[in-house]
Amino acid sequence: MLDRVLQEIRERRRLVVTSHARPDGDGIGSALACAQILRQLGKDAEVVMHDGVPRIYQSLPFADRVVRTESVPPNDAVIILECDSIKRTQLNGLEDCFLINIDHHMSGRNFANVNWIDSSVMATAELVYRMARLAGVPLDSDIATCLYTALMTDTGSFMFEGTNEHTFAIARELVLAGADPAHCARSIYFGHSTAKLRLLGAALANLHREGSLAWIWVTQEQMERFGAREEDCEGLVNYALSIGDVQVAVFFRELPDGRWRVSLRSKGEVNVSAVAEHFGGGGHKCASGCSLDGPMEAAVSRVVERLRAEKEAVKTA
1 MLDRVLQEIR ERRRLVVTSH ARPDGDGIGS ALACAQILRQ LGKDAEVVMH
51 DGVPRIYQSL PFADRVVRTE SVPPNDAVII LECDSIKRTQ LNGLEDCFLI
101 NIDHHMSGRN FANVNWIDSS VMATAELVYR MARLAGVPLD SDIATCLYTA
151 LMTDTGSFMF EGTNEHTFAI ARELVLAGAD PAHCARSIYF GHSTAKLRLL
201 GAALANLHRE GSLAWIWVTQ EQMERFGARE EDCEGLVNYA LSIGDVQVAV
251 FFRELPDGRW RVSLRSKGEV NVSAVAEHFG GGGHKCASGC SLDGPMEAAV
301 SRVVERLRAE KEAVKTA
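In this note's numbering, the protein residues as written are 1 to 317.
Note that these hints are calculated values from the structure, not bench results. None of these values were measured; they are calculated from a predicted model. A portion of the hints provided could be inaccurate.
[As the list claims (entries may be wrong)] Across the chosen pairs, the derived CB separations fall in these ranges:
(1) SER120 x ARG225: 39 to 45 Å
(2) GLY280 x GLY136: 37 to 43 Å
(3) HIS183 x GLU11: 35 to 41 Å
(4) PRO74 x PRO181: 34 to 40 Å
(5) GLU11 x LEU207: 50 to 56 Å
(6) ALA185 x PHE98: 34 to 40 Å
(7) GLN90 x ARG65: 18 to 24 Å
(8) VAL67 x ARG308: 42 to 48 Å
Note that beta-carbon positions come from the ideal geometry of N, C-alpha and C, so glycine has one too.
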(Lines of atoms letter the chains of each structure in order from A and count residues from 1; the text may use other names and numbers.)
(Lines give C-alpha, C1' and ligand atoms only; values in the text may rest on other atoms or scores of the structure.)
Protein backbone atom coordinates (compact mmCIF):
# COMPACT_ATOMS: atom_id res chain seq x y z
CA MET A 1 0.00 0.00 0.00
CA LEU A 2 2.93 2.35 0.58
CA ASP A 3 3.85 1.96 -3.08
CA ARG A 4 0.34 3.09 -4.02
CA VAL A 5 0.59 6.08 -1.68
CA LEU A 6 3.85 7.19 -3.27
CA GLN A 7 2.43 6.65 -6.75
CA GLU A 8 -0.49 8.95 -6.02
CA ILE A 9 1.85 11.54 -4.51
CA ARG A 10 4.17 11.51 -7.51
CA GLU A 11 1.24 12.12 -9.87
CA ARG A 12 0.16 15.28 -8.03
CA ARG A 13 1.70 18.69 -7.46
CA ARG A 14 -0.29 20.53 -4.75
CA LEU A 15 -0.75 18.52 -1.58
CA VAL A 16 -2.32 19.40 1.74
CA VAL A 17 -1.43 17.52 4.93
CA THR A 18 -3.71 17.52 7.95
CA SER A 19 -4.69 15.55 11.04
CA HIS A 20 -7.47 15.47 13.58
CA ALA A 21 -8.74 18.56 15.36
CA ARG A 22 -7.06 19.23 18.72
CA PRO A 23 -3.90 17.60 17.36
CA ASP A 24 -1.55 15.67 19.63
CA GLY A 25 2.19 15.11 19.25
CA ASP A 26 1.85 12.38 16.65
CA GLY A 27 -0.64 14.38 14.61
CA ILE A 28 1.50 17.53 14.61
CA GLY A 29 4.93 15.91 14.37
CA SER A 30 3.93 13.51 11.61
CA ALA A 31 2.18 16.22 9.61
CA LEU A 32 5.13 18.62 9.81
CA ALA A 33 7.57 15.89 8.78
CA CYS A 34 5.29 14.58 6.02
CA ALA A 35 4.90 18.02 4.44
CA GLN A 36 8.66 18.58 4.45
CA ILE A 37 9.23 15.17 2.87
CA LEU A 38 6.78 16.16 0.14
CA ARG A 39 8.67 19.41 -0.41
CA GLN A 40 11.88 17.43 -0.77
CA LEU A 41 10.10 15.47 -3.51
CA GLY A 42 9.44 18.75 -5.31
CA LYS A 43 5.82 19.11 -4.29
CA ASP A 44 3.91 22.21 -3.23
CA ALA A 45 2.87 21.08 0.26
CA GLU A 46 1.33 22.79 3.26
CA VAL A 47 0.01 21.69 6.64
CA VAL A 48 -3.45 22.91 7.57
CA MET A 49 -5.13 22.34 10.93
CA HIS A 50 -8.50 23.36 12.24
CA ASP A 51 -7.05 24.21 15.66
CA GLY A 52 -3.51 25.20 14.79
CA VAL A 53 -0.42 24.04 16.72
CA PRO A 54 -0.66 23.60 20.52
CA ARG A 55 1.79 25.70 22.52
CA ILE A 56 4.07 22.82 23.55
CA TYR A 57 4.68 21.91 19.89
CA GLN A 58 5.22 25.40 18.52
CA SER A 59 9.01 25.09 18.77
CA LEU A 60 9.05 22.20 16.30
CA PRO A 61 10.60 22.86 12.89
CA PHE A 62 8.09 24.19 10.32
CA ALA A 63 5.42 24.76 13.01
CA ASP A 64 5.25 28.45 12.10
CA ARG A 65 4.19 27.47 8.57
CA VAL A 66 1.03 25.65 9.67
CA VAL A 67 -2.17 27.26 8.40
CA ARG A 68 -5.06 27.42 10.83
CA THR A 69 -8.31 27.29 8.90
CA GLU A 70 -11.83 25.86 8.78
CA SER A 71 -11.79 24.98 5.07
CA VAL A 72 -9.29 23.00 3.06
CA PRO A 73 -7.41 25.13 0.47
CA PRO A 74 -7.22 24.25 -3.24
CA ASN A 75 -5.23 21.05 -3.81
CA ASP A 76 -4.63 18.00 -5.94
CA ALA A 77 -4.80 15.66 -2.94
CA VAL A 78 -5.08 15.74 0.85
CA ILE A 79 -3.08 13.44 3.12
CA ILE A 80 -4.99 12.84 6.36
CA LEU A 81 -2.90 11.48 9.20
CA GLU A 82 -4.22 9.38 12.12
CA CYS A 83 -7.89 10.07 11.59
CA ASP A 84 -10.73 7.57 11.41
CA SER A 85 -12.98 9.92 9.44
CA ILE A 86 -13.17 13.21 7.57
CA LYS A 87 -15.29 14.58 10.39
CA ARG A 88 -12.47 14.39 12.92
CA THR A 89 -10.42 16.97 11.02
CA GLN A 90 -13.30 19.49 11.32
CA LEU A 91 -12.21 20.90 7.96
CA ASN A 92 -14.82 21.82 5.39
CA GLY A 93 -14.50 20.76 1.76
CA LEU A 94 -12.67 17.46 2.14
CA GLU A 95 -15.57 15.55 0.61
CA ASP A 96 -14.62 16.90 -2.82
CA CYS A 97 -10.88 16.09 -2.54
CA PHE A 98 -8.76 13.11 -3.46
CA LEU A 99 -7.90 11.68 -0.04
CA ILE A 100 -4.96 9.61 1.17
CA ASN A 101 -5.55 8.17 4.63
CA ILE A 102 -2.49 7.15 6.70
CA ASP A 103 -3.24 5.77 10.16
CA HIS A 104 -1.97 3.33 12.77
CA HIS A 105 -4.98 3.07 15.08
CA MET A 106 -6.90 -0.15 15.58
CA SER A 107 -10.02 1.94 15.02
CA GLY A 108 -8.79 3.15 11.60
CA ARG A 109 -11.35 3.08 8.78
CA ASN A 110 -11.13 2.97 4.98
CA PHE A 111 -12.84 6.29 4.30
CA ALA A 112 -10.42 7.70 1.70
CA ASN A 113 -9.52 7.01 -1.93
CA VAL A 114 -6.29 5.39 -0.71
CA ASN A 115 -6.05 3.89 2.76
CA TRP A 116 -2.78 2.85 4.40
CA ILE A 117 -3.62 1.58 7.89
CA ASP A 118 -1.07 -0.40 9.88
CA SER A 119 -1.98 -0.98 13.53
CA SER A 120 1.21 -2.96 14.17
CA VAL A 121 3.19 0.26 14.66
CA MET A 122 3.09 2.55 17.68
CA ALA A 123 2.71 5.89 15.88
CA THR A 124 1.82 7.34 12.51
CA ALA A 125 5.34 8.79 12.63
CA GLU A 126 6.68 5.29 11.92
CA LEU A 127 4.66 5.15 8.70
CA VAL A 128 5.86 8.61 7.63
CA TYR A 129 9.42 7.46 8.38
CA ARG A 130 8.92 4.44 6.09
CA MET A 131 7.47 6.69 3.40
CA ALA A 132 10.57 8.90 3.48
CA ARG A 133 12.88 5.89 3.28
CA LEU A 134 11.09 4.30 0.31
CA ALA A 135 10.84 7.66 -1.46
CA GLY A 136 14.58 8.14 -1.06
CA VAL A 137 14.25 11.35 0.95
CA PRO A 138 17.19 11.81 3.34
CA LEU A 139 16.24 12.49 6.94
CA ASP A 140 17.70 15.79 8.07
CA SER A 141 17.65 17.01 11.67
CA ASP A 142 14.40 18.96 11.22
CA ILE A 143 12.41 16.01 9.86
CA ALA A 144 13.98 13.71 12.45
CA THR A 145 13.03 16.09 15.28
CA CYS A 146 9.39 16.18 14.18
CA LEU A 147 9.20 12.39 13.84
CA TYR A 148 11.01 11.71 17.12
CA THR A 149 8.65 14.04 18.98
CA ALA A 150 5.68 12.27 17.40
CA LEU A 151 7.04 8.84 18.31
CA MET A 152 7.98 9.87 21.85
CA THR A 153 4.57 11.35 22.66
CA ASP A 154 2.42 8.61 21.09
CA THR A 155 4.30 5.89 22.96
CA GLY A 156 3.90 7.73 26.27
CA SER A 157 7.64 8.39 26.42
CA PHE A 158 8.23 4.80 25.22
CA MET A 159 6.18 3.35 28.09
CA PHE A 160 2.94 2.21 26.39
CA GLU A 161 2.16 -1.44 25.76
CA GLY A 162 3.44 -2.48 22.33
CA THR A 163 6.66 -0.47 22.48
CA ASN A 164 9.35 -2.86 21.30
CA GLU A 165 12.79 -3.14 19.73
CA HIS A 166 11.41 -1.90 16.40
CA THR A 167 10.18 1.28 18.08
CA PHE A 168 13.60 1.91 19.58
CA ALA A 169 15.32 1.06 16.30
CA ILE A 170 13.42 3.87 14.58
CA ALA A 171 14.08 6.21 17.51
CA ARG A 172 17.79 5.40 17.15
CA GLU A 173 17.73 6.22 13.42
CA LEU A 174 16.00 9.53 14.16
CA VAL A 175 18.59 10.45 16.79
CA LEU A 176 21.39 9.54 14.39
CA ALA A 177 19.71 11.82 11.83
CA GLY A 178 19.87 14.75 14.26
CA ALA A 179 16.93 14.58 16.68
CA ASP A 180 17.98 15.67 20.18
CA PRO A 181 16.01 13.54 22.73
CA ALA A 182 16.59 15.94 25.64
CA HIS A 183 15.52 18.98 23.62
CA CYS A 184 12.41 17.21 22.32
CA ALA A 185 11.40 16.07 25.81
CA ARG A 186 12.07 19.44 27.42
CA SER A 187 9.58 21.26 25.24
CA ILE A 188 6.85 18.70 25.88
CA TYR A 189 7.26 17.81 29.54
CA PHE A 190 8.74 20.99 31.00
CA GLY A 191 6.79 23.63 29.13
CA HIS A 192 3.55 23.68 31.11
CA SER A 193 1.52 26.82 31.73
CA THR A 194 0.51 28.05 35.18
CA ALA A 195 -3.11 27.44 34.17
CA LYS A 196 -2.37 23.77 33.51
CA LEU A 197 -0.88 23.27 36.96
CA ARG A 198 -3.90 24.92 38.60
CA LEU A 199 -6.19 22.76 36.48
CA LEU A 200 -4.24 19.69 37.54
CA GLY A 201 -4.79 20.60 41.19
CA ALA A 202 -8.53 20.88 40.63
CA ALA A 203 -8.64 17.59 38.76
CA LEU A 204 -6.72 15.69 41.44
CA ALA A 205 -9.00 17.15 44.11
CA ASN A 206 -11.82 15.28 42.30
CA LEU A 207 -9.96 11.95 42.24
CA HIS A 208 -12.22 8.90 42.60
CA ARG A 209 -11.16 5.27 42.95
CA GLU A 210 -12.85 1.93 42.37
CA GLY A 211 -10.31 -0.83 42.78
CA SER A 212 -7.80 -0.58 39.94
CA LEU A 213 -9.88 2.11 38.20
CA ALA A 214 -9.43 5.85 38.87
CA TRP A 215 -11.08 8.89 37.35
CA ILE A 216 -10.79 12.67 37.59
CA TRP A 217 -12.61 15.60 36.01
CA VAL A 218 -12.67 19.35 35.46
CA THR A 219 -15.62 21.57 34.67
CA GLN A 220 -15.99 24.37 32.15
CA GLU A 221 -16.26 26.81 35.05
CA GLN A 222 -12.83 25.69 36.30
CA MET A 223 -11.36 26.02 32.81
CA GLU A 224 -12.60 29.60 32.62
CA ARG A 225 -11.57 30.47 36.17
CA PHE A 226 -7.97 29.37 35.62
CA GLY A 227 -7.77 30.80 32.10
CA ALA A 228 -6.96 27.31 30.81
CA ARG A 229 -6.94 26.34 27.15
CA GLU A 230 -8.02 23.02 25.72
CA GLU A 231 -4.39 21.99 25.27
CA ASP A 232 -3.80 22.46 29.02
CA CYS A 233 -5.85 19.30 29.57
CA GLU A 234 -3.40 17.13 27.63
CA GLY A 235 -1.71 14.56 29.83
CA LEU A 236 -3.72 15.20 33.01
CA VAL A 237 -5.14 11.68 32.87
CA ASN A 238 -1.64 10.26 33.29
CA TYR A 239 -1.41 11.58 36.84
CA ALA A 240 -4.32 9.33 37.84
CA LEU A 241 -2.74 6.43 35.96
CA SER A 242 0.52 6.97 37.85
CA ILE A 243 -1.02 5.58 41.05
CA GLY A 244 0.74 2.30 41.74
CA ASP A 245 -2.22 -0.11 41.81
CA VAL A 246 -4.33 1.69 39.19
CA GLN A 247 -4.61 -0.14 35.86
CA VAL A 248 -7.05 2.21 34.07
CA ALA A 249 -7.53 5.98 34.44
CA VAL A 250 -10.13 8.29 32.94
CA PHE A 251 -10.20 12.07 32.61
CA PHE A 252 -13.53 13.83 32.00
CA ARG A 253 -13.56 17.41 30.73
CA GLU A 254 -16.69 19.47 30.35
CA LEU A 255 -17.06 21.22 27.00
CA PRO A 256 -18.71 24.61 26.49
CA ASP A 257 -21.79 22.90 25.02
CA GLY A 258 -22.27 20.70 28.09
CA ARG A 259 -20.89 17.52 26.56
CA TRP A 260 -17.93 15.73 28.13
CA ARG A 261 -14.69 14.76 26.44
CA VAL A 262 -13.26 11.54 27.83
CA SER A 263 -9.59 10.49 27.82
CA LEU A 264 -8.89 6.86 28.73
CA ARG A 265 -5.49 5.38 29.62
CA SER A 266 -4.45 1.85 30.50
CA LYS A 267 -1.28 0.14 31.68
CA GLY A 268 -2.08 -2.70 29.27
CA GLU A 269 -4.39 -4.99 31.21
CA VAL A 270 -7.56 -3.46 29.76
CA ASN A 271 -8.09 -2.44 26.13
CA VAL A 272 -9.51 1.08 26.48
CA SER A 273 -9.84 1.41 22.71
CA ALA A 274 -12.77 -1.02 22.84
CA VAL A 275 -14.46 1.20 25.43
CA ALA A 276 -13.86 4.38 23.40
CA GLU A 277 -15.17 2.74 20.22
CA HIS A 278 -18.36 1.75 22.04
CA PHE A 279 -19.07 5.47 22.48
CA GLY A 280 -18.08 6.45 18.94
CA GLY A 281 -14.43 7.26 19.66
CA GLY A 282 -11.24 5.29 19.21
CA GLY A 283 -7.51 5.18 19.60
CA HIS A 284 -4.91 2.80 21.00
CA LYS A 285 -5.23 -0.16 23.33
CA CYS A 286 -3.60 1.94 26.06
CA ALA A 287 -4.70 5.45 25.06
CA SER A 288 -8.09 6.34 23.60
CA GLY A 289 -10.83 8.93 23.74
CA CYS A 290 -14.47 9.71 23.02
CA SER A 291 -17.20 12.27 23.80
CA LEU A 292 -20.47 11.82 25.65
CA ASP A 293 -23.54 13.85 26.53
CA GLY A 294 -23.88 15.21 30.05
CA PRO A 295 -24.68 15.64 32.81
CA MET A 296 -21.39 14.63 34.37
CA GLU A 297 -22.87 11.94 36.62
CA ALA A 298 -24.43 10.21 33.63
CA ALA A 299 -21.27 10.42 31.53
CA VAL A 300 -19.12 9.03 34.36
CA SER A 301 -21.62 6.25 35.08
CA ARG A 302 -21.73 5.09 31.45
CA VAL A 303 -17.96 4.99 31.04
CA VAL A 304 -17.29 3.34 34.40
CA GLU A 305 -19.96 0.73 33.73
CA ARG A 306 -18.41 -0.08 30.36
CA LEU A 307 -14.95 -0.31 31.90
CA ARG A 308 -16.25 -2.73 34.53
CA ALA A 309 -17.58 -4.94 31.73
CA GLU A 310 -14.29 -4.75 29.85
CA LYS A 311 -12.32 -5.64 32.99
CA GLU A 312 -14.63 -8.58 33.65
CA ALA A 313 -14.15 -9.79 30.08
CA VAL A 314 -10.39 -9.75 30.64
CA LYS A 315 -10.78 -11.91 33.77
CA THR A 316 -12.91 -14.53 32.01
CA ALA A 317 -10.89 -14.62 28.78
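Falls inside 34 to 40 Å, the C-beta gap from ALA185 to PHE98? holds (37 Å)
CB of PRO74 to CB of PRO181, is that within 34 to 40 Å? holds (39 Å)
Cβ distance range 35 to 41 Å for HIS183 and GLU11, holds or violated: holds (37 Å)
Holds or violated: 42 to 48 Å for the Cβ distance of VAL67 and ARG308? holds (44 Å)
Pairwise beta carbon distance, GLY280 to GLY136, judged against the given window 37 to 43 Å: holds (40 Å)
State, for the Cβ atoms of GLU11 and LEU207, whether the hinted interval 50 to 56 Å holds or is violated. At roughly 54 Å between Cβ atoms, LEU207 and GLU11 fall inside 50 to 56 Å, so the hint holds.
Check the following: the C-beta atoms of GLN90 and ARG65 are separated by a distance inside 18 to 24 Å. The hinted range 18 to 24 Å holds for GLN90 and ARG65, with Cβ atoms some 20 Å apart.
For the hint 39 to 45 Å, verify it against the beta carbon of SER120 and that of ARG225. holds (44 Å)
The structure is consistent with each of the numbered hints, conforming to all of them.
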